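I would like the entire structure built from these sequences, with the hints used as guidance.
Read in this note's numbering, the sequence shown has 15 at position 15, and its numbers run on one by one without any break.
No lab work stands behind these hints: they were computed from the structure. As the structure is a prediction and not an experimental result, all values here were calculated from the model. Heads up, the beta-carbon is just placed ideally off N, CA and C, and yes, glycines get one too. Honestly, I wouldn't trust all of these hints.
Here are the computed distance ranges between Cβ atoms for each label pair [what the hints assert, rightly or not]:
1) I30 to A62: 20 to 26 Å
2) D75 to I46: 39 to 45 Å
3) I30 to A69: 30 to 36 Å
4) A35 to W59: 21 to 27 Å
5) T77 to P51: 36 to 42 Å
6) K5 to L55: 49 to 55 Å
7) T58 to A35: 21 to 27 Å
8) I52 to K5: 18 to 24 Å
9) R78 to V36: 50 to 56 Å
10) Q65 to A33: 26 to 32 Å
11) S2 to G38: 50 to 56 Å
12) T77 to F13: 20 to 26 Å
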Amino acid sequence: MSRYKTLRTWALFLMVLGAFSVASATIGVIAWAVAVEGFWETVGVILFGAPIALLLATWPIALGQALRAIADIGDATRLDELTPSVGF
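Okay, here's the thing in structure tokens:
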């Protein structure tokens, strides 16, 4: 049984938030590209604005993965208290 259920719950929450954030950023970049006037402004939005918006939108996913990794490390390194260690 894991002692890190709270970390895993927050990791799942952040992953869901990240997925929603990426979808919203994608829709926002598409709307922004349609709203600007001129070919070069549209290219600028797609080549410069889209990567920055999507990078910022993926931060919750990265944090969720970090929290999950911390929980995995904690589960892997905790000592089993049910079996006493006998030193010879």
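Give me the numbers of the hints this structure contradicts, sorted from smallest to largest.
-> 6, 8
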